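Student: Following the hints, put chain B in place on chain A, whose structure we already have.
Protein chains in written order, with our numbering: chain A, 4 to 642; chain B, -14 to 230.
It should be emphasised that the hints constitute simulated quantities derived from the structure, not laboratory data. Fair warning: this is a prediction, and the values are worked out from it, not measured in the lab. Any given hint might turn out to be false.
[Unchecked claim] Heads up, incomplete: computed chain B residues facing chain A, CB under 7 Å, no partners named:
| id | residue |
| --- | --- |
| 1 | K132 |
| 2 | L136 |
| 3 | K138 |
| 4 | K139 |
| 5 | N144 |
| 6 | P146 |
| 7 | C148 |
| 8 | P169 |
| 9 | N197 |
| 10 | A200 |
C-beta: ideal position from N, C-alpha, C; glycine also.
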Amino acid sequence: MKVISKENFADFINALIVDGSWNVVGVKSKGNKFAFEPLESASELRLDYDVTLLPPKKYFFPQRETLFTYDLSNGFSAKGLTAEAKPTIIIGVHPYDIAALLQMDEVFSETKSDPYYFEKRKSSIIIGVNIQNMSKWCFAPSMGCATVEYGYDLMLTDLGNRYAIDIGSQKGEKLLEKYAQHITNALARDTQLVGQKKREIVNMAQQKLDFPAELIPELLKKSYEKSEFWEKHSEKCLSCGSCVLVCPTCYCFDVKDNPDLSLERGERMRTWDGCLLEDFAKIASGENFRPTKPARYRHRYFKKGRYLFDRFGFISCVGCGRCSSNCLPDIANPVSLFNDMYHQIPDKEMLMTAVTTPEVKIVTEENIDYVPRLATIVKKVPMTASEILFEIRLNDDSELGHKPGQFVEISVFGVGEAPISVSSSPTKKGAFELCIRKVGNVTNKLHTLNVGDMVGVRGPFGKGFDADFLRGKDLLFIAGGLGIAPLRSLFNYVLDNRKDYGRVILLYGCKAPHELLFGDELVALASRDDVEFKPTVDRCPEDEVWAGNIGVITTLIPQVDFDPEKTFAIVCGPPIVYKFVIADLKRKNVPDDHIILSLERRMKCGVGKCGHCQINQIYVCKDGPVFNYAKIKGVPEAL
Amino acid sequence: MKPKVAFFDFAGCEGDQLQVANLEEELLTLLGHVEVVSFREVMKEHSDNYDIAFIEGSCTRLQDEDRLKQIRKNAKIVVAIGSCATIGGINCIRNYKDLDEVRKTVYGENAKLFDTYAARPINAVIPVDAYVHGCPITKDEFLHVVKSLLLGKKPDIPNYPVCVECKKNENVCAFERGQFCVGPVTRAGCNSCCVNEGTICWGCRGLVDNPNENAHKEVLIKYGLTVDDAISKFRLYFGWQEGKK
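Bound-form chain B, shown alone:
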């Protein structure tokens, strides 16, 4: 019997589910292996009977936790997809601000009606079995993770920094181009896609397991960033991982 698959979204832009919808022909091949029972972005039907749950978005409210726990109860395997779900992502920038101010900025005079708390990744609330990192996720890695799960193996998600992929792709280092990049502490697996296109790594896949953050902040400052700019480079995606809760 084909495993049943469902997609869920929390605080995020739904860009990761869009990447899945954009698989097009490959999505059809994938449907030979799995049955999608819930995927709001592409279908009307919904079922709570599923084996694999893909969750996009951060948890930003206490009441989201109940929904997450219910998904965990229903699913055999929970996969976090996209930065907001895997590492907290850019939602966690607000954790550095006063949350009442944040609410007022978003909801104005109705702020009181909307509850909120520090944004967090899914694994801060429920155990997560696999991760598809990225902002947004790449199709290739999504397929890699799905294939791995179908074959019963742990997906191969690198624990080395983006520099490895930049070197293999023979990119000119962003620092050599006069730019600043957090690739040296960011988990690879994206095939250094942003640097390949001549930009920088923003860190959307989160930190490697044991990043040398201090050494890299020193590098950023040595190459000419102010201390504040170096810190905000790290805050863009690494807020939750750096302990801002």
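Chain A on its own, in the form it takes in the complex:
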């Protein structure tokens, strides 16, 4: 540990500013509050602050960030991540915010690493400061985040006329060597004083959990179904998102296109989003998968205390208290909520014994690439009044390389990106097919494009159907409406490898005959003796002709005989279909793990980061969209 006088510390900061090779930011006063802002002089620093308006994550994951710029004026060009001009030095970071950054590092590196975050994060220098004044809302001591032992390059402790400096990294040490003068080694009394100060910090909190924070995940588990509890706590929620937007561990974002006035150039950008906002889980068709205030309110606590705990092994709250202090109706304080929850549990001993820590191994496979590959529409087949089958070829002539059931993010530059399941089997080479219904901006625009027009493609993403595992099994395909589109990728794969599979049955239902998709292909199935095909329509209007079954999809299930032990049911349709189809399959004694589903959600980033497609602890884009029913039947938001 080192010691520096306050005058010499000011000289050190001023030297960093004058040097010009750093973007020097620190805590300054802003009105009657504090904020991290660019420093013009060390005298602006307010290291005695209580809490800043926003956490320092804004330097690595800014409120608004360009993912790439595009130019369509001369063919197409896109420019992705551009290097920051200067690395950032952040001065005055409190330990809880350091703990939060360490969590963000894991979130942004899990499976796919986010280069936009790490490019800035890795070059930065964190100069922390131990808390001198604690916000009245802060409960960092309860969360074990009032002090930290690592995660900083330098850590300051105010000792009156001097700062003790704990060196946390070589980067920090070199910075001191180059820019600071008159640094001395800490004397024993200084080291003791620092220890004493750190112990005092723990006792500064006015907000305290009445129980050890380790119990939070278990406590939540016991409270999910208590709808009265969630309704009571969320009644006054304004759905303003303040609690999540100021949170140092929140990372959800939205992705948007922003064309300039030329309409040919523009950017795709991402911007902070929040799961408390009403439309967070709403998809283009208008369906909102988390439509009520109590459900959104609960999701926030579960994401912090349970879902991320299961995924990463930490509780995603560091106790900074920003959410509490920013909530006007005073309902966002985790301490009040968790204490209330705790006191309602009659058997507290049980809670303690139930605590288990998940085994977590964070693996980074590759970097995320937000810049799509260019592709060309090579064929456009109208199927119904609202669906068109597009055949798309990647411009570099490579194969998409997808598995049946996977999806792509398709881009129309200037309009945006939409997740679409691949409709063609991987056995079809050269180009792939997407069956696209016009329901939102991107799909409406796609419908106006013509053969030869260019689109962007990212992916394939997600977990598809396990065609190898299904080999030798009897397959019962059940598709409702547009659900035939993702199923077709597997169905056609199976037909192309017909001898590898047992019986193949396809039940397909839509609202009326004119809504039937892939009509020609389905008619051709009738001439095959190795496929059993039964279509149905909910109703047949007078001016249409229909010789087959009339009734909803479930009316077909009793009409087929199959061995539930040998058969795997593969189901895809609008949300309502699952509920009834699964019930009917259960009636036929199909085991849970013989039911395979493909789910639809708002898959915005496609790589398990943006948070929009989350159903409880699951990211549909990454852990799905194909799921085994046995694995998700206990996931309350899934079906």
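Tutor: Frame of chain A; chain B shown alone:
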């Protein structure tokens, strides 16, 4: 062929059209994409042959309805611009008063000559395809809406409150400054421009789709407003949306 564009005004201050006129250089770029056939504030010519109609101002008289219906008939796309047109705006304050009194206040002894009825937004009379909210509208959002229409997409108008933008802009909350604000129930999209300048949100963009009005009135009262003051905060812009017709 470039889409033909026309501007129309009803009861309002024409401040929104002024914002469009103030686009200056950007207006010239915009003219590369559209042809303006009617815009009283900046040109003499007028034509009834247009694709996109931008309408400013509230509908305040029965006879205005005919004109609005004619515009709707002529245009493929109708865009309401500014609070008076999008949500009824401050014109609707008078809906809380006796309309005869209102007429007398404005026209004195000639009041009888001027017909009137409860002020209302454009979509209370004709279907509206897109909205540029605000009092006045901002240039950026006007351009966003125009670009979206030209690209054939639905403009991205937030359905979350101004608080979201205040937080992103790292503003000190108006309530923390001892002021009172209706940002928590007001539709964002203005980039919290008023609060950024140290004032409050007055609510000019109207309520979000599902505002928690009662909870916010409680907040206003908790922070020290009287019930009457809290109610008048809501009446400034939200009159029509709160059902005062």
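Student: Could you work out which of the previously given hints the structure breaks and list their numbers from low to high?
Tutor: none
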